[in-house]
Amino acid sequence: MTTQPLEAADSTLCARLDRVSRLFGAFAALRQVSVDFARGRCYVLVGENGAGKSTLLRILAGLLRPSAGAARVFGGLEPQAERARIGYMSHAPMLYDELTAEENLRYFARLYPGRACLAPAEALRQVGLDPDLKRILGQYSQGMRQRTSLARVLLSVPELLLLDEPFSNMDVESALQMVALLAGFRQTDRTIVLTTHQLELAAPIADWVLTLRAGRVASLEPGNPQP
Amino acid sequence: MSRVLWTHLANNLRIEWRSREAVNSMLFFALLVVVLFSLAFDPQGPFARQIAGGVLSVATLFASVSALNQAWAREIRHQVLDAQRVAPAPGAAMFLAKVLANFLFVSIVQLLLAPVFLVFYNLRVEGNPWQLLLALPLGTWALVANGTFFAALSIRSRNRELLLPLILFPIFIPALLAMVLATESILTGESDPALWIKLLVGYDIIFTTLSLLLFDVVLNAE
Chain P
24 MTTQPLEAAD STLCARLDRV SRLFGAFAAL RQVSVDFARG RCYVLVGENG
74 AGKSTLLRIL AGLLRPSAGA ARVFGGLEPQ AERARIGYMS HAPMLYDELT
124 AEENLRYFAR LYPGRACLAP AEALRQVGLD PDLKRILGQY SQGMRQRTSL
174 ARVLLSVPEL LLLDEPFSNM DVESALQMVA LLAGFRQTDR TIVLTTHQLE
224 LAAPIADWVL TLRAGRVASL EPGNPQP
Chain H
94 MSRVLWTHLA NNLRIEWRSR EAVNSMLFFA LLVVVLFSLA FDPQGPFARQ
144 IAGGVLSVAT LFASVSALNQ AWAREIRHQV LDAQRVAPAP GAAMFLAKVL
194 ANFLFVSIVQ LLLAPVFLVF YNLRVEGNPW QLLLALPLGT WALVANGTFF
244 AALSIRSRNR ELLLPLILFP IFIPALLAMV LATESILTGE SDPALWIKLL
294 VGYDIIFTTL SLLLFDVVLN AE
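Line order of the protein sequences matches chains P and H.
First residue of the first sequence? That's 24 in this note's numbering, and the numbers climb one at a time after it.
First residue of the second sequence? That's 94 in this note's numbering, and the numbers climb one at a time after it.
Pulled out of the complex, with its shape left as it was, chain P reads as follows:
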């Protein structure tokens, strides 16, 4: 099934999946998925567990290669070649438990040589965490780890944000704060693709809602983002 938003003319395109399939053994996580992601828009991916949402994000992040079809970002480049411009957050924290939040961020910032990264303290402040907190991450609550994980993604000022279940383990208030933060990014011409089971939380920033079912695109409908 080919689904392309009308607004996604090539010059405004951030990423494109062209008949992408991904197999894990005999199991097809994605089947012939074609989607265009326009620059500066927020796409909310919904679907049941196993629908292929995380696989789609991992392909866009360059962590997985499609079994068939092609994934392209920023005007026809392979995601692996443009890793510095892509930020990926999984439902796992992707951070070291033994380090403080600030130490984790300082470490990851140095893995982006030549890119102007945010200061770790600034990234932590953006997600509502105290940069002076000296506890190691292993002593953080799940919600705080999730915020630190988002701070890691924001650190490199990515143009394409891929967020897998960013609101999981968060209380409603924290999730709403994160939505407000993401709304700000949307206005800076950055593209957000996020998966969630809580569409009601992401609805205020959703330009498009993409529903996956059994590895296929079931629908791609315009959202109703708040200005």
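Treat the hints with care, since some could be wrong.
Said to hold, decoys possible - Sample of chain P residues with no beta-carbon within 10 Å of chain H, all distances over it, derived:
1) THR35
2) GLU71
3) GLY73
4) ASP120
5) ALA142
6) LEU205
Said to hold, decoys possible - On the chain H side, residues computed to face chain P include the following (Cβ under 10 Å):
7) ASN104
8) ILE108
9) HIS171
10) ALA180
11) PRO181
If you are wondering where the hints come from, they were derived from the structure by calculation, not from laboratory data.
Note that CB positions come from ideal geometry on N, CA and C, so glycine has one too.
Assemble the complex: chain P is given as a structure, and chain H must be docked to it using the hints.
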């Protein structure tokens, strides 16, 4: 590359400094092996010098495997490795830093083990003792470089703790033999260890280069 290498290395050292997991587990295991062998064989005089190299190498090998099996555990936990993979820094720097850190940890264990070894095996070096400072680090590097690479190769396997020794031991045999024979030559002073030291240098260059070249493939294997 060097800045990123230092970043990874400092990170590995900081985490080990806080947890001391690798050094403690290796030290305990190596001490046990050395003491058990000394109790089993009651080594004295020339016999002690003949077997000391083998005992030290085997103690280092077994102790290292327990630590090498955990070499990438922190990166697998919470998918830290994925965050490192999506960063544009070269994978080779991450590998080299991990090898350097593991080399340092194993060397610390060997240094702490040395006095115990001298006491239990009643050792006196008959050859040039400075050559030990060449043979042991070269053998240790061979073990650690291969071990770190194969530990990365087996991280996606369910039986990775079994897989690592199964792959590592056969490949490490030439370096193990060279390390044992070089150490024995130095301790007994009966032959020149130069040939075995050269073999270790060649082994280290070949396997380190291959591991560096192939690491990105291993890192991004699905």
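Structure-based check of each hint:
1. Once the 10 Å rule is applied to beta carbons, THR35(P) is consistent with being away from chain H; the minimum gap is 24 Å.
2. GLU71(P), annotated as away from the interface, keeps every beta carbon of chain H farther than 10 Å; the closest lies near 22 Å.
3. No beta-carbon of chain H is positioned within 10 Å of the beta-carbon of GLY73(P); the least distance is around 18 Å.
4. For ASP120(P), the condition that its CB be more than 10 Å from all CB atoms of chain H is violated, with the nearest at approximately 7 Å.
5. At roughly 16 Å from the closest C-beta of chain H, the C-beta of ALA142(P) stays outside 10 Å, upholding its exclusion from the interface.
6. With a least CB separation of 19 Å from chain H, LEU205(P) remains clear of the 10 Å interface cut-off, as annotated.
7. Given hint, ASN104(H) at the interface with chain P, holds; its Cβ is 5 Å from that chain's nearest Cβ, closer than 10 Å.
8. Below 10 Å, beta-carbon pairs count as interface contacts, and ILE108(H) has one with chain P at about 5 Å; its hint therefore holds.
9. With its C-beta approaching chain P no nearer than about 5 Å, HIS171(H) sits inside the 10 Å limit, and its interface hint holds.
10. For ALA180(H), the interface hint holds, the least distance from its beta-carbon to any beta-carbon of chain P being 4 Å, beneath 10 Å.
11. A least Cβ separation of about 4 Å between PRO181(H) and chain P falls short of the 10 Å threshold, and the interface hint therefore holds.
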